[in-house]
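Visitor: Sequence:
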Amino acid sequence: MRMKTKFVWLFLILMFFIPNAFGMDSLRDALGFIDRGQIHEAMQIVYEFTRNKNYDGALTILNTILEKYPFSPERTHVMIQKAAIYEKIKQFEDAIKQYETIITFDPSTYDDHPYYSYAQFAQLRIEYLTSKPVWARQSRDELFTELKYAFSAFDLEQIRSLLKKGDCYIGTMFSEPFLTNSDDLFLYLKDASKNSNWSVNEPVEIWEDQWALKIINWKDSHYPNFDLLYLVVKEDLFGWEWGEIIFSKSEWMKE
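Under our numbering, think of the first position of the sequence shown as 1, with each following residue one higher.
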């Protein structure tokens, strides 16, 4: 009798936890939010599903939003998230289709990103997905070793080959970076080579789990008040990749 009681309790516990483990309750919540026009709340569940790798659930929510609100000002943001999930599951052609559709939209009909153009981002992401990823390395240390050599010697050809294609970023520490393309970023670095006083240091962790190669005594006309340059590397679709630079000040790092 005691064994039967334990079995019943175990069954009830599993019945309670299994729906939550697979996101069924959250999916129902998201669909309810969509019915009430609460897209922002539904998108929070999309982000949660994506973090937990419940990509089918996230795509179900995104598709439902687009079907129910095809002319919503938020539709481009929804499509960007949909393309990002297709990238994660290696369905690059589907991701590209999302980006191509965004490029055709009239910008006056949707809410754009506060820091850059969704159309520009979509175009650059297509370039990234359709380029041969010769810039990617299998390990972070391998990429840092090659970056350190290239910048120590200021080997422009090697620097260009290590810079990813597509969406790249330039910014200052503690602020939102702005979107640029790899050609413009390379030309900026090439112009800065006129300053011969800087030197390459070891890689550092600038934020939690965010690593960069540190260059000290960096000076140029575009950012005259900054003396540190960080080459930020991230693990993306093809391996470890470099496509972002961040400017900082020595005094900030001492605080």
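No lab work stands behind these hints, which were simulated from the structure alone. Every value quoted in this text rests on a predicted model; they were computed, and no experiment measured them. Beta carbons: idealized from backbone N, C-alpha and C, even for Gly. Keep in mind that a hint or two might mislead.
What the hints assert, rightly or not - Keeping only pairs whose Cα atoms sit at most 27 angstroms apart, straight-line, the calculated BS3-like set for lysine-lysine is: (1) LYS148 / LYS165; (2) LYS148 / LYS249; (3) LYS214 / LYS234; (4) LYS148 / LYS97; (5) LYS68 / LYS97; (6) LYS214 / LYS165; (7) LYS132 / LYS194; (8) LYS165 / LYS190; (9) LYS219 / LYS194; (10) LYS249 / LYS190; (11) LYS165 / LYS97; (12) LYS165 / LYS132; (13) LYS68 / LYS132; (14) LYS214 / LYS194; (15) LYS165 / LYS194; (16) LYS234 / LYS132; (17) LYS219 / LYS190; (18) LYS190 / LYS148; (19) LYS68 / LYS88; (20) LYS219 / LYS249; (21) LYS190 / LYS132.
Stated by the list, open to error - Taking CB as the label site, the calculated pair distances span: (22) ASN225 / GLU157: 24 to 32 angstroms; (23) ASP155 / GLU251: 38 to 46 angstroms; (24) PHE186 / LEU237: 34 to 42 angstroms.
Visitor: Decide, hint by hint, whether the structure agrees.
Guide: Outcome of the hint check:
no.: 1; hint: LYS148 / LYS165; result: 20 angstroms, holds
no.: 2; hint: LYS148 / LYS249; result: 20 angstroms, holds
no.: 3; hint: LYS214 / LYS234; result: 15 angstroms, holds
no.: 4; hint: LYS148 / LYS97; result: 37 angstroms, violated
no.: 5; hint: LYS68 / LYS97; result: 20 angstroms, holds
no.: 6; hint: LYS214 / LYS165; result: 22 angstroms, holds
no.: 7; hint: LYS132 / LYS194; result: 30 angstroms, violated
no.: 8; hint: LYS165 / LYS190; result: 16 angstroms, holds
no.: 9; hint: LYS219 / LYS194; result: 9 angstroms, holds
no.: 10; hint: LYS249 / LYS190; result: 21 angstroms, holds
no.: 11; hint: LYS165 / LYS97; result: 19 angstroms, holds
no.: 12; hint: LYS165 / LYS132; result: 9 angstroms, holds
no.: 13; hint: LYS68 / LYS132; result: 37 angstroms, violated
no.: 14; hint: LYS214 / LYS194; result: 19 angstroms, holds
no.: 15; hint: LYS165 / LYS194; result: 24 angstroms, holds
no.: 16; hint: LYS234 / LYS132; result: 18 angstroms, holds
no.: 17; hint: LYS219 / LYS190; result: 13 angstroms, holds
no.: 18; hint: LYS190 / LYS148; result: 16 angstroms, holds
no.: 19; hint: LYS68 / LYS88; result: 25 angstroms, holds
no.: 20; hint: LYS219 / LYS249; result: 11 angstroms, holds
no.: 21; hint: LYS190 / LYS132; result: 23 angstroms, holds
no.: 22; hint: ASN225 / GLU157: 24 to 32 angstroms; result: 31 angstroms, holds
no.: 23; hint: ASP155 / GLU251: 38 to 46 angstroms; result: 31 angstroms, violated
no.: 24; hint: PHE186 / LEU237: 34 to 42 angstroms; result: 21 angstroms, violated
Violation of the numbered hints given earlier is confined to hints 4, 7, 13, 23, 24; the remaining hints are satisfied by the structure.
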